[in-house]
Amino acid sequence: MSGFDDKLENYYIKGVGVAGGVGIGQAAVIERLTTDMCPRRIISSEEVPLEIERFESAVQAAVDRLKDIRNGIDIDHPLCDHVYILDTHILLLHDKMFFEGTKAVIASERQNAEWALSEMMMKITSAFDTIEDEYLKERARDIHFVGERVLKILMGITSKSKMHQLPPHSVIVAHDLSPIDTAQIKKENVFGVAIDMGGRTSHTAIMARSLKIPSVTGLEKVSKLIQTGDTIIVDGSTGIAILNPDPETIFRYRKRQDLYRKYHQSLMAFGRLPAVTRDGSRTVRITANIELLDEVEIAVSHGAEGIGLFRTEYLFLGRKDLPSEEEQYEVYRQVLEHNKPDPVTIRTLDIGGDKMAAHFQVSHETNPALGLRAIRLCLARVDIFKTQLRAILRSAVHGNCKLLFPMISCLPELRAAKQILQEVRDELAGENKEFNPSVMVGVLVEVPAAVAIADLIAKEVDFFSIGTNDLIQYSLAIDRVNEHVNYLYDTLHPAVLRLIRQVTIAGHARGIEVAMCGEMAGEPVNIPILLGLGIDELSMNSLAIPMVKKLIRSINMDECVELTQQAFEMQDALDIHGFLEEWIKKHFPKDYFVDQS
Amino acid sequence: MAGEGEVVERTLIVGNQFGLHARVATMVVQAMKNFSCKVTLVKDDIEVDAGSVLELLLLAATPGSEILVRAQGPDSIEAIKELHRLIQHDESNEI
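Chains as they are written, first to last, in my numbering: chain A, 1 to 597; chain B, 1 to 95.
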């Protein structure tokens, strides 16, 4: 950067995209106070009551303003669900630590209100710094917003840019944006948001997503590098901000903006169509991975033809008691009913003993990934397993339910699980309970040993589902979150492709369907080879569904078969990856996702 | 009157996937305004006032952590029941 007064021209900054789309407009820089701007003086003891009164009325003014804004948010406002943040701020203003604490500093230290307040804010924020949990730590920013608001009132400062009075075509630029600022945004005038601070879990990020305004956070110094009125582009899909772009760049991004809108619209249309290859010879069922009941709606709206993986761990985590049969039944029933007549594959508890310390006297495991977890844990705690199976079989009368056992590594394990399932059927029948006795039973193939004996397992189950995340970790002996070795984690390792092929051949030889539910299933570059390998169902993150359907509808089956043969002749994962990427680029040169990734 | 009568204690487990976060803390403080008893929460020997959002947040009660509720006053039992509903069976749905 040259002289300070020089404008940065066509200056790119990389941040984190938190809400998608492209916004082009004039920067509206929201000024922030810094504590060194606040006046400091020692007051006389006679001044103390006056200073306390000044502080109290500033707090009251801040509360009144917050209440006004909160009451202005109607029930149909997109931010209605987030109003509680403003309530939190109102409570913070009257919190004894903040309110009484500041008054005590004024009285005992004889500091003016501004100084006492900023000291108090520093004290509180440093207390938050000692918290390890990232989510709770983030809340220090809330006290900062609240304190700053009172400081501004004390100092008689009114914001230069009033949030609710921004001119049309504005892009908000700020060091940080408080929820109260965000709540005042008039969506029709604001085309984008660019923020210095980071954090996907910040309330601001959450609110920006609700408002569907292209937003980028983590831009570090953007608020200092640009001035109100300057042109700025924010690309919330790639997490880029461009300051004072040249006409050529603006032209390019206008096209991209247009493309993004059209692409998004046209893509969503693909969600409604079946995933049938262009030649019409193959139809793949596209389903969604979910873990919460709330996710069903987004799955359906993106074109999921059922749920290929319903992870049930969420029901068990973050609590000390176990979910009752009734509680589980209610959740499963609702997911099944929402998806009817499409199938819902419910995976039984896939959790490590370490995550459920309250229920297990598990001695410390040096290798939890290879320890007491998933089906092993369920077989060790039949009471937990039976409660879940009872809930599943009972809910299965309300829709198309399939049952999936995770981490099966040998036949005795599968047989033991099926034996318990039979006991549960008998018990339910004995109790005259309404249930579905003929739920399809499948194995989640994720242990290499299960691949090796897939031919044997196939004789005893109704379907396979390949869990690629764990299968890759176990077969390549790589912990994906270990930074020293994760460069070796490769979805397209020739070994992985051969394992998948072995499972599909074994499954199809017995006439059972083979699904895939790992992340691998939702990545466009992998789709042609997965079709070539004969996968019958792909289950993925809902957002990926429209794109995957579009892709499948534009390719021919013979192309996939040929491409798969060629890939199997290659020896290195990188070569295979490059080959598949080239193939996609050649066949879909215009598609957005290729040059986006 | 607050501060009088027997002290009632009960252990709760934080049920929300994000812990005792801003929304739950807000609901707790708002709810406690309806009771006359004095309520504190204890975790790892730190005792905080259930009427202070800041103190509740600073408890750093992560998902699954154990909290001791201590109430003293005529409506202690009702207050604890309400806290159980809010903290253990957290009904908020913040994502």
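It is worth saying that the hints were derived from the structure and are not from the lab.
One should not assume that every hint holds.
[What the hints assert, rightly or not] Here are a few chain A residues that face chain B, going by a calculated C-beta distance under 7 Å:
# : residue
1 : L136
2 : K320
3 : L322
4 : K340
The C-beta atom is built at its ideal place from N, Cα and C for all residues, glycine as well.
For each hint, the structure was consulted:
no.	hint	verdict
1	L136	holds (5 Å)
2	K320	holds (4 Å)
3	L322	violated (12 Å)
4	K340	violated (24 Å)
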